[in-house]
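Asks: Take a look at the letters that make up each chain.
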Amino acid sequence: MQVTASLARLRYKYVPEHLVGELLTKRWIDTAIPFIFLVATVAWAGASVPEFFSSNYLGLVSRDLGEFGIVVLAMMIVVIAGGIDLSVGSNFALGNIIALLLIGVAGWPVWLVLPAVVVVCAGVGAVNGLLIGYLRLRAFITTLVMLIIVRAIADLLVLKFSTQLLGSEEPSFLWDLLGTGTIAGMPTSFAILLLLAVVAHLVISRGRIGWHLLAIGGSRRSAYNAGIPVRRTVCLTYVAAGALVGLAGALYAARLGGAGGGTGLSYEISALTAVVAGGISLGGGRGSVPKAMMGAIIVFLITNTLLRLGASSGASPMLLGAVLLLAVAVDVKWNKNRSKILAKVYVSPAYLPMPPMPETSRGSQSAYAVNDRLAQVDKFGLDRLEGPEDPVLDRAGNLYCGTRQGDIMRLLAPDYEHIEVFAHIGSHPLGLAIDRDDSIVACVPGMGLYKVTKDREVIRLTDETNRTRWSVLDDSRLRLADDLDIAPDGRIFFSEATTRFGIERWIYDVQESRGNGRIICYDPSTKTTRTVLRNLVFPNGICMAGDGESLLFAETWASRVSRYWFDGPNKGQVAAVVPDLPGLPDNINRASDGNFWVALTGMRTPSMDLALSMPGFRRRMARRIAPDELLFPNLNIGCIAKINLAGEVLDVLWDASGVDHPAVTSVREDRGYLYIGGLYNNRIGRIPLRDADPEFNGPVSYWGERERQSVTA
Amino acid sequence: MHTSKSFVRCAALVAVPVLALSACSTGSDSGGTSEGAGSGDNPVTLESADRAGTLADYPKTDQGQPDPRQAVYYSSLKGKKIAFVPNAMKTDLATAWAQALRDEFEPLGAEILTRDPAFDTNAGAQAITQLIGQKPDVIVVQNPDVTSWATPIKQAQDAGIYVVQMNMGSQQTSDVFIGADYVNIGRLLGEQLVDRCGKSTSGKVAIVQGPLTASAGLYMTQGIYSVLNEHPEIKVVSDQAADWDASKANAVTTTVLKQHADLCGIAGYWDGMDGGTAEAVKQAGLQDKVFMITTSGAWQTLGCNLIANGSYDAMVVSHAKEQGQQLATVVKALLQQRPAVGSWNMQIYTKSHVVTKANLQSDSCWSTAELG
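These protein sequence lines are chains B and G, in that order. Residue 583 in our numbering sits at position 583 of the first sequence, with consecutive numbering throughout. Just remember that our numbering sits 713 ahead of the position in the second sequence, which is counted from 1.
If you're looking for bench data, these hints aren't it; they were derived computationally from the structure. All the pointers check out, no bait thrown in.
If you want the footprint, here are the derived chain G segments under chain B, 3+ residues with CB under 8 Å:
#1 845-856
#2 920-931
Quick list of in silico lysine to aspartate or glutamate cross-link-like pairs, EDC-like style, CA-CA up to 16 Å:
#3 G:K867 x B:D176
#4 G:K1002 x G:D908
#5 G:K848 x B:E51
#6 G:K791 x G:D816
#7 B:K160 x G:D952
#8 G:K791 x G:E817
#9 B:K527 x B:E464
#10 G:K995 x G:D975
#11 B:K379 x B:D415
For each residue, glycine too, the CB sits at the ideal point set by N, CA and C.
Using the sequences and the accompanying hints, generate a full structural model.
Replies: Quick look at the structure:
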């Protein structure tokens, strides 16, 4: 049993299972499949061709890759906008023959030939574009017809001028540079491809038109509704494709100078295969230049290596066909199932053995013995407040709290009958605190750390921190800022409960119960945000310990309260204060006698405790059943505990009935009363305290006396 | 104990690099040998072989004389690599040539590398460039046209590889060209047409070409017209391209026969395509009236069989198997003489002759079976 437990502990400590899910959330994971395929292809080619990795060989074959790569680029541009261009092969042949004619027959200089060819082929693209973009003809049929027509034109030109072309080519430096020369050690066509790829990548991933392309490919109608000039953009993709293909054709002409009838034959299939093998969806909307280039290299290597191996003539098209089919199948399956797989594997529970649960039964000698002291509470804002997670009182005794609607509400003292929207934040504010200037500082899930001044000006303090080194998930953005407190020097320490889930899915973080959370420090003097403590199990309440150099923090799923020294001789240390609470601690706030109020938002249960040491069970549960049926701590009961820094439990208030204040998330003491908030409550509760300082007010006691503001301020 | 332990350790430390070194040197030795055999630049002659001691070492016994030339011949071919890049391996010409190379060289320890561009000009160019990386001694190419493979051929020559061009010469000249004389073949075609379609006939003839860009076709056309132009009684009523495609040839011919029921003769450019031409003639029921002539690489299946069954009346034959043997001879000469690459620039035209039912012999053609 002991051994099994140790093994489980080791396994869940060192096997980073949660990374699988995090990897799947990455956008670049789409690129991983073609990349693996590319690596496999390179490995195969390298193993089959002994001289493959020699620079000589790579230099020779990269020249041929140049032209094909440019054609693939052209195809990609059309495909990501949701189209298809079957005429690339014919257009390529047209570019080839026109380049040959202009050089060999018309005798034009090279610098004039190149743009001329590009313009002619872009013209072919423009015909495609006009028909498909503006007249809304089907891309497949239109470009299929263009394939035939343009091929016929190219063939006619070949027939008409074939005798004149024979041996008419006059060598010129520029022409030879294009065909056989090198730029910076690379074959010219490959260097041109590289340049085009970089430019195209920047345009598509960073440029306005690139985003338009992806938007149109994703959903033409939505793009139109968003004001994107759909017709013009679609038309332009064909023009761009035509221009690129023309350039490739001219390079081919410069390299081979042959006007054979088979030029560029079935290039459309090869280019299409490359695009799909690179992981670019034929449906449009998804794709990138690196993907297209990977696909181009894959297809090129396959055909090239088969040729090198002396395979019989049918092998290459057959294998390419198989690759195309496989790639399409993978693309379809991947798109369809990625989110499903992600949903299945993302939740990755950890091993969290719980300490024995303290006795809580009514009438027992335990400090936690159940009572009904929360049964009789005053209720403020009943049914007018939704989710006052952490009420806070200003110097004048006005109550503030966040609500589900994304507001910070103010309840005016003394009767709290008048309720007004103090400020609109946009997301449900959780932990609140009042700073030296009487501004309200709030932790806002999904948004970050915000401040609302007395003049109701909403200021974003921070929404990001330093990214954890080597983390797969980008945890620099704040997802679930939860509670905060402010050090005497103004530094704000706040908890981020989990970096793996948003607040709407906190229920899955219970299932994981891993150290997904952290404590972050925002320094207003330098406006910097740094993570100071990591791997905490749903860190929640934060409260200054009172010595100016340490704070208390609660870890909810681990049912413990610890102390962290951010300054002084113990700087960086963490020590347990109460390691074995009977429930799940939420916010911690100061009591008038120098001790601390801890709100317990739920109670531990034997079943949940057991489940926490059975991660496999929780994983199966999370995968198979609906969120509302998951095993869960008991949230139907409320409890408030008063503790001191030594970890002694001084007082406990229960609402055993669960009617008035289940799931207490926060308590604030003010002038002899205890104000009670709850994330799922529809009111703020208040009970009178015996033996409490009737003059105690949070901001006054913490920041010092200042002239009291009038109640109606 | 301590000393012996450290001694063992020292010995092991020494042994490892020694082993590694010896392994390396073994490897480089063998590599060096094959390298020398692969790209030795000096011609192998009797004198050089004698100097190397090979001749002197022959024992002089009463059991006959050793042949001193043997060693020269065999050593010049052993371990050599000869690459072959045709238009497409599946054609009869490529089959015959490749087989000739295999028959002649493989038993002597040379390696034949074949590449199949399958009529893809670009693939063929790639194949040649790839081959340069493999450093064969000779590359034999069958150009698809006069320009497309010029650059790769030049690159191969620059890399010190002999290039032999078959049937279609590139504008880039190389060591040897071996091929049919297409102008002459064209003349033979023309002469046959003149013979058969003279005064007493309609004088109408049709020409079925391959692709108009194929240089072989251009040369043949030149040959045909150089004859026909001298004979005004012959009228060319149709001169169309069928792109080496039998069904296209069939369609073209069917149409021509409908337009000109009194057609006298048809000259086709290749028996691989003209099966379709002959079929059209047959379907029109004009087999006895229309004189059908084509050109052939003398493959039994496409050539002589169709002469025998009357589909063709005549064909101008350039025997592919003979061409293959000439190719083999030339390659042997190159490998033995080791001239500077490109210095020979030798042209060899193979003979062509007309085969009809009258002079058809059982050995007029070669068959795939006989090639093995």
